[in-house]
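Colleague: Once you've looked at the hints, dock chain S against the given chain Z.
These protein sequence lines are chains Z and S, in that order.
The numbering of the first sequence is the numbering used here, which starts it at 1 and goes up by one.
The numbering of the second sequence is the numbering used here, which starts it at 1 and goes up by one.
Hints were generated in silico from the structure; no laboratory data involved.
From a predicted model like this one, the values you see are computed outputs, not experimental measurements.
Zero decoy hints are in this set.
If you anchor each label on the Cβ, the simulated ranges turn out as follows:
#: 1; chain 1: S; residue 1: L156; chain 2: Z; residue 2: R27; range: 48 to 58 Å
#: 2; chain 1: Z; residue 1: Q138; chain 2: S; residue 2: A21; range: 48 to 58 Å
#: 3; chain 1: S; residue 1: I470; chain 2: Z; residue 2: E278; range: 40 to 50 Å
#: 4; chain 1: S; residue 1: G12; chain 2: Z; residue 2: R227; range: 38 to 48 Å
Glycine residues also receive a C-beta, built at the ideal position from the N, C-alpha and C atoms.
Here is how the chains run, residue by residue.
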Amino acid sequence: MTPLLRVLAAAFVALSGTALAQDYPARDLTFIVPYGPGGSTDPISRQFASQMEKELGRSIAIQNKPGAAGTLGTSAIVTSRPDGYTIGLAPNTTLLFAPMTNKDLVFQSTSDYEPIAKLVSLPYVLVVKADAPWKTLQEFIDDAKKQPGKLRASVSGIRATNDLTMQQLNRAAGIRVRTIPFTGGGGEAMVALLGGRVEAYVGTGASTAGHAEAGSVRVLAVFQKGRYDLFPDATPTGDAGYDATLGPIYYAIAPKGVPQAALDKLSAAARKVIDSAEYRKFAADNGYSVENLTPAQIREEFVRDHAMFTDLLKFLEQK
Amino acid sequence: MGPIEGLLYGFGVALSLQNLAAALLGALVGTMIGVLPGLGPVAGVAMILPLSYAFDPVTGLIMMAGIYYGAMYGGSTTAILLNMPGESASVMTCIDGYQLTKKGRAGAVLALVAVGSFVGGTISVIGVMLFAPWLAQFGILFGPAEFLAVSAGGLLILSRISGGSFAAGIFPMALGLMLSTIGQEAITAQNRFTFGILELSQGVELVAAVVGLYGIAEILALVESRLAGPPPVPVRLREMMPTGTEWRRSVAPFGRGTLVGFVFGLLPGPSAAMSSFASYRLEKAVSRYRDEIGHGAVEGVTGPETANNAAATSSMVPLLALGIPFGSVTALMLAAMMVHGIQPGPLLMQTNADVFWGVIASLYIGNVALLALNIPMIGLWVSMLRIPRHIFLPIIVVIAVIGSYGVGNSMVDVYVLVLLGVVGYLLRKLDFQLAPMVIGLVLGPLIEKHLREGLFMSDGDAWVFVESPIALAIWAMVALVLAGSALAPLLRRRRG
Numbered sequence: 001m002t003p004l005l006r007v008l009a010a011a012f013v014a015l016s017g018t019a020l021a022q023d024y025p026a027r028d029l030t031f032i033v034p035y036g037p038g039g040s041t042d043p044i045s046r047q048f049a050s051q052m053e054k055e056l057g058r059s060i061a062i063q064n065k066p067g068a069a070g071t072l073g074t075s076a077i078v079t080s081r082p083d084g085y086t087i088g089l090a091p092n093t094t095l096l097f098a099p100m101t102n103k104d105l106v107f108q109s110t111s112d113y114e115p116i117a118k119l120v121s122l123p124y125v126l127v128v129k130a131d132a133p134w135k136t137l138q139e140f141i142d143d144a145k146k147q148p149g150k151l152r153a154s155v156s157g158i159r160a161t162n163d164l165t166m167q168q169l170n171r172a173a174g175i176r177v178r179t180i181p182f183t184g185g186g187g188e189a190m191v192a193l194l195g196g197r198v199e200a201y202v203g204t205g206a207s208t209a210g211h212a213e214a215g216s217v218r219v220l221a222v223f224q225k226g227r228y229d230l231f232p233d234a235t236p237t238g239d240a241g242y243d244a245t246l247g248p249i250y251y252a253i254a255p256k257g258v259p260q261a262a263l264d265k266l267s268a269a270a271r272k273v274i275d276s277a278e279y280r281k282f283a284a285d286n287g288y289s290v291e292n293l294t295p296a297q298i299r300e301e302f303v304r305d306h307a308m309f310t311d312l313l314k315f316l317e318q319k
Numbered sequence: 001m002g003p004i005e006g007l008l009y010g011f012g013v014a015l016s017l018q019n020l021a022a023a024l025l026g027a028l029v030g031t032m033i034g035v036l037p038g039l040g041p042v043a044g045v046a047m048i049l050p051l052s053y054a055f056d057p058v059t060g061l062i063m064m065a066g067i068y069y070g071a072m073y074g075g076s077t078t079a080i081l082l083n084m085p086g087e088s089a090s091v092m093t094c095i096d097g098y099q100l101t102k103k104g105r106a107g108a109v110l111a112l113v114a115v116g117s118f119v120g121g122t123i124s125v126i127g128v129m130l131f132a133p134w135l136a137q138f139g140i141l142f143g144p145a146e147f148l149a150v151s152a153g154g155l156l157i158l159s160r161i162s163g164g165s166f167a168a169g170i171f172p173m174a175l176g177l178m179l180s181t182i183g184q185e186a187i188t189a190q191n192r193f194t195f196g197i198l199e200l201s202q203g204v205e206l207v208a209a210v211v212g213l214y215g216i217a218e219i220l221a222l223v224e225s226r227l228a229g230p231p232p233v234p235v236r237l238r239e240m241m242p243t244g245t246e247w248r249r250s251v252a253p254f255g256r257g258t259l260v261g262f263v264f265g266l267l268p269g270p271s272a273a274m275s276s277f278a279s280y281r282l283e284k285a286v287s288r289y290r291d292e293i294g295h296g297a298v299e300g301v302t303g304p305e306t307a308n309n310a311a312a313t314s315s316m317v318p319l320l321a322l323g324i325p326f327g328s329v330t331a332l333m334l335a336a337m338m339v340h341g342i343q344p345g346p347l348l349m350q351t352n353a354d355v356f357w358g359v360i361a362s363l364y365i366g367n368v369a370l371l372a373l374n375i376p377m378i379g380l381w382v383s384m385l386r387i388p389r390h391i392f393l394p395i396i397v398v399i400a401v402i403g404s405y406g407v408g409n410s411m412v413d414v415y416v417l418v419l420l421g422v423v424g425y426l427l428r429k430l431d432f433q434l435a436p437m438v439i440g441l442v443l444g445p446l447i448e449k450h451l452r453e454g455l456f457m458s459d460g461d462a463w464v465f466v467e468s469p470i471a472l473a474i475w476a477m478v479a480l481v482l483a484g485s486a487l488a489p490l491l492r493r494r495r496g
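Just chain Z, same shape as in the assembly:
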């Protein structure tokens, strides 16, 4: 860049900053996804961003910043320049639970960022092999009670979200199912179940549906309140009296310090997108739930879930 160009560029940035309140967005936006392309968060982000582009009249570039279980990309959002032009996706466990165990993270409390929208949430399911002796959630729990520490469930990492979900069930049902971490993504946790190296698997409906259809696995339970359309026969843990309903929730967030006018514009646009028929259809097709919350309501949800994670961590540290 020549010196002249550099001056012009700096002037442009400065001008776009002062003009923010009236004409936001005056240029294109960046949407950071804290996972690599190909994860389930990628289509969610692209669906959301492409509809937001129409609402805001600006392009939105998706930037994948994977690594360290979502904390790297989330840190990148939190530390980006708070001008309203960089926002991104962040999962509940990364936002709320990760800071409890990692004091190096730049976001330590929920006041370190601004929620814009609750994008989607989805439940985990408890899956066993089709030839396993347990036909219902209750049979599985009863058997687990008889032989504590014998049954094993494959998850995608110790203290990963699906591990925490299984631990919730352990605590609620007074059982001790051991969680076995199969990291590296790529469905290795499912392969461990299919290969008979573990007795159960805790994961998403999307990773299970194909195998359930083929008749190689059986879905015993869904970790939520209320029936799951993808597996209508699975017992909802919430309805069976077990307080174990943790699942991934994806939010759109902005860094702290973004001007209120920009935040308002973003969340208004986001709420329109999330209410649209197109977005609802996308969510339903993929087994996601949608709840259109205001930023204030999301903060309430943060407080509630923060307490839940704190409790769960206490339980895990006692073990």
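Modeller: Just chain S now, kept in the frame of chain Z:
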């Protein structure tokens, strides 16, 4: 649908003008991406993923498959010509490939690799087509015990893979293993050796490390040699075709490479890289010309390069027959399917026959396209060597930096590139081998992961690792190979 009807149906799908164009374009773009250091198959497929959302699903998948094996092939080009592998699967190719380039055989080797990639890819497709549902079960048989045997046993066997003294191999390998422990460990995501730098928690990026160790180090060495003496003789264009002897010597490595690659492709993990390590080791053990390997033998290039393309193809098996991706590229292809509402899983063959057979047929077409595109382009690649160095080398550095940054959008990867470039340069000056360091970097995290998974499974009982017959068989093979390589010099001495 039987294989023959299925394939005919698949060709019907894949031979539409749009899909044919996608296969050709994919192979072409893939080759380009593979040739650029720092940009490999994963980067290429990831770049095309958002575009594929706009196509119909079969077209998108065909293009991604084209890019995948195009990049797999293209990665060998710079390894052979410049001693700069584009990614870890071409590291083995450097050793003999670059020696052959120095002997003026660059064109011939590139032609052999193109044919080897075609042979490996095509035979692998036939295997995928005929046996996909059964082969998928093979991948399921492998658990932590079996993988520990493959990865830890592999480390033992491969420690002296690139010749030299014992210390010249073991020291870089230990260095590679140590570097691989940086970052969040896989099981509980605790930070190790990150010194509070958050970006380091993702660990040492393999692509940046490989391009630094080889590419940047090679450039440093070239700059030095330019100061010290005249550059090597440029390659003459008419020496493009392999000689009869070179063809004859390549036939057996083509076959062995295909088999090794096909088997590794069915397993999770960096199967293309692992298959090229294994194939190189196999050639060193069984080839009639094993004593020449390491000093510029075609076997050391054609074996691994055939293997990594065969592995790229057979890695479609777990994806198509189970709906489970075992590697980064197939994970991206899975994402492309799911965006279009295709439910991947064991029933894909029945519920989405057009996808299953369309992809299989496109693998055939893509392999032919790759051969047809690349044989004429060899002249172009070789003539890169004639570009004046003061223009060419800075361009390579720029591309390597962009490629390293692009993998994870992280500056730390660029620092790794530069730092390991210096490390690689120093190690070479001191006569250490670089390949074992890459092997340590690749296998280290796998060994730890599978060891700990196994111990979690058995609640701390180490017997779990020798209870399975498959794991025992693998360990027995490892012991045989080790004993064989220890005894071989003794036997030879007696004979001599």
